[in-house]
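With chain H fixed as given, assemble chain Y onto it according to the hints.
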Amino acid sequence: MKDKKLLLLFTFLLSVTGTLFTASSAAQLGIQLYSDPLSFFKHALVYFFIGWSVFFIIIKLPSGHVKKYIDPLFYLSLILLIVTLIPGISHKINGARRWINLIFISFQTSELIKLTLGLKISKAAAFFLALKSNISGFIIQISIYLIPISILIAMQPDYGSMALIVTTVFLFLLYMGINFRFWLSITSIVFVILIIGALLAPYRLQRITSNLNPWAHMQTTGYQIVQALYGIGDGGFVGQGLGSGKQKLGYLPEAHTDFVYSVFSEELGMVGGATFLFIFLYVVFLLYKMAKKVTDPFDKSFILWTATILGLQGFLNVFMVLNIIPVIGVPLPFLSYGGTSEIINLTMIALCYRFYSDLPRGLQ
Amino acid sequence: MIFLFFVVMAKQLYFVTIDRQKLISYAQAQRNEVVKVSNPRGEILDKDGVILAFSIPSYSLYIQPALIKNNEIRKELYEDLSKIKGMPIENLKKIFDKKAPFTWVYRKMPIDMEKSVREILTKFPNQGIGLIKEEKRVYPYKDLAEPLLGFVGTDNQGLEGIEKFYNSYLGSISKKENIEFDASGRIVNIDKLESLVQSSSIKLKLTIDSKLQGLSERLLDECVKKYNATRGTVIVVNVKTGAILTLAQTPRVDPDKFYDFPEEDYRIFSRDFLYEPGSIMKPIVFSILLDNKIISKDTTVNIGKYLQVADARIFDAEDGMGLSGPSSIRDILRYSSNIGAGTLALKAPRKEYFDLLNKYLCDDEKYLFSENFLKGYVHLPDYKGPVEQATSAFGQGISLSFLNIIAYYSAIANGGEIVPLKIIDDDVGTPVRLFSKSNADFIRSCLVSVVDNGTGENAKINGVEVAGKTGTAQKPSKLGGYIPGEYVASFVGFFPANDPEYVIGVLVDNPIGIHWGGSVAAPLFREIAIAVMSMGK
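Line order of the protein sequences matches chains H and Y. Anchor point for the first sequence: position 14 equals 14 in this note's numbering, and the numbering is continuous, going up by one each time. Offset between the second sequence (1-based) and this note's numbering: plus 1000.
Chain H extracted, bound-state conformation (with noise of 0.2 Å):
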């Protein structure tokens, strides 16, 4: 099958599980918030034909027309994440302001980042790229988006949204061909910066601690990744069927959004858990793979980011509920439960096909 074709079932694979299986990790949650088990399945299904609609509009759109609106794009982006940060407008969840109410709809803005600062640095990368000029002048441009957005992002405060960007942003510069010693030398350096930043809040030094040993912190800030990892043991293998976890009875904080792969695993086992990853990492690999044959720089660039940063996310993630990593907050691709992150991943996915489209066919 083309790589076209098989990037496309199985991102619809990944969407539909993740969809239906909100059915079962939010259930409790449902009955506590809204007395009706179904309740967060309902809204995961309205996000999944929007999604989805977006992905066929996308696809169907000539590449040009999204090119033309990249910088108002990024920019209403922008001031979007600064609106965020204003109380009345946006709204807290568990002390963190990461949503500004649309009409009908409260929406994640560090979400939509992701995907238009992916259009501007592809943009800026393929200019580069085109001019084969120095990476430096490239870095510098894009720092100046990089230092605000990491900024307001982490006042949200959203450090796991942050760090995943900036990461990304790193690994991005490597394709770019810049000089190896040069890049550790600056990697380093914002490493460190981010570390110091990390420590600020206390929480998340208590955080790195507790990642260290979680069962010395287990009535505290260990307790969430040890109900965690109750889960994936009591999965086992196979785990105890579907519906049939116990730990998103309220044991399991965020049991459908970060660490639904606790959850995914109890349910299904380490089988589940793995052909999960496994299809995940898939789709990613075939973005690698589009990337590669495609030749405008442009595009590359873009499904390199999305490749990137879908990969790196999912990573994230899964350290962080099997305790290699200190808990940082970012979703498990297609299986958290989340409307923005569903929506801009599948939009992501849909330009990446989009652009691979553009391809002449005898070379896709």
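It cannot be assumed that every hint is accurate.
Going by beta-carbon spacing under 10 Å, a handful of chain H positions derived as facing chain Y [to be verified]:
(1) Ile79
(2) Asp234
(3) Gln247
(4) Gly250
None of these hints come from the bench; they were simulated from the model. For clarity, every value in this text was computed on a predicted model and none was experimentally measured. Note that beta-carbon positions come from the ideal geometry of N, C-alpha and C, so glycine has one too.
Chain Y alone, transformed into the frame defined by chain H:
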């Protein structure tokens, strides 16, 4: 990327293998609580399949006090519940004050109470209060065959009688079930708890004939009431099969409200109470003496005014009807002469006599019953002197359970061979010979005379030959000697005398006014015997 994937899998593999048990046990500890829930319990049937005890689904009200956070709801709920008739308000108050994750409010509610509770619960959905299906023991005939059947406690465990002895067969005590809670404390697995309650296929069939049992109980109640007695018991045994058709007792506990009765009433009197049998012991001792050739069928005894044994004098009781001069074994039984019985007993060397008593009454006890359930008590005199030798022949200074007496009588009635007595229909005991046939038949014919023309005349039934023996025993005092004015009146008989089928034993404890076995117990024997016959047995 592939490397990272393997890192993930390796870590997960660690959690699902090496660390798994630890994780599971921790996780279960935080969401489980063990609660006892009643299991389905088998039925108890009579010999014709009439159900004497069964179980029906019943609902228990539970509350999770810690869960009701809203004080107004808490107050409202408490007020509504306390209005229900029969709700223990004191208890309810305590439960509401307690911050327990799970507490029973009322186990196995009556139907009308359940209805009113259900109405209230519709007003408080998801408030940490609800019903769980359990099982309730039902005794459809109320106190019929109590305390033989016994009763069960709240957790369906057998507390007394058949229910206790056959507890593990009937379904054992209630299972301990894990109740799973979610993090807010709501019960997760209510369906699972309810699915445990299904009807049990276990049936325990007794030899009891509930019609005869019921009739005997009624007659016994009347008799006990008439003589103002403390208690009484009636036992009907089929000597051919060993089946106990009736084991009636007065007073009886109500199995639903057993806690309102004194514990003494929980006991099966004929099995659990040691008593001095008095004259009904004579035929048993005579059979033993005859079998060991200490006396023969035509041994005669010269009966005087009293019998001097060591420094004690033995008199005949007032109902001895003035037997005097040379008397046969038949006459000694007919007139129930203590002097005669004592003299016969003294014919044996003392050591041999007591050894024989020990062999027949203690060693042979294992042949008497099919089930340990029926096993009673035997107590021989501690001091084995000549006085004890003489008195034990007429049932003084020796004590045993009434059921044991009945067993020896059924052996005599059955030609010396006992078919072990049984209460469980399926049991088949091997017959054991206790006495030789000719001696047993001889004693039987003597006992016919007792009814025909002796102390047991009140047991006579026209058209049927009845054999039997009266007993009027004094009640020993704990301080030594006997309690003045307190007697146990008894009668054990069997019929038809030429080929006995039924043994009926009647015992009335402490009748006031008349205390003679022949006057108190024999007429009741007669009534019950007529009932047995008229029931076509």
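Item checked: Closest C-beta approach of glutamine 247 of chain H to chain Y relative to 10 Å, hint status -> 7 Å, holds
Check: Holds or violated: is there a CB of chain Y closer than 10 Å to the CB of isoleucine 79 of chain H?
Finding: With a minimum Cβ separation of about 35 Å from chain Y (threshold 10 Å), the hint on isoleucine 79 of chain H is violated.
Checklist line | When the least beta-carbon distance from glycine 250 of chain H to chain Y is tested against 10 Å, hint result | finding: 3 Å, holds
Next item on the list: May I ask you to test the interface hint for aspartate 234 of chain H with respect to chain Y, counting a Cβ-Cβ separation under 10 Å as satisfied?
Entry: 6 Å, holds
Of the hints listed earlier, the one the structure fails to meet is number 1.
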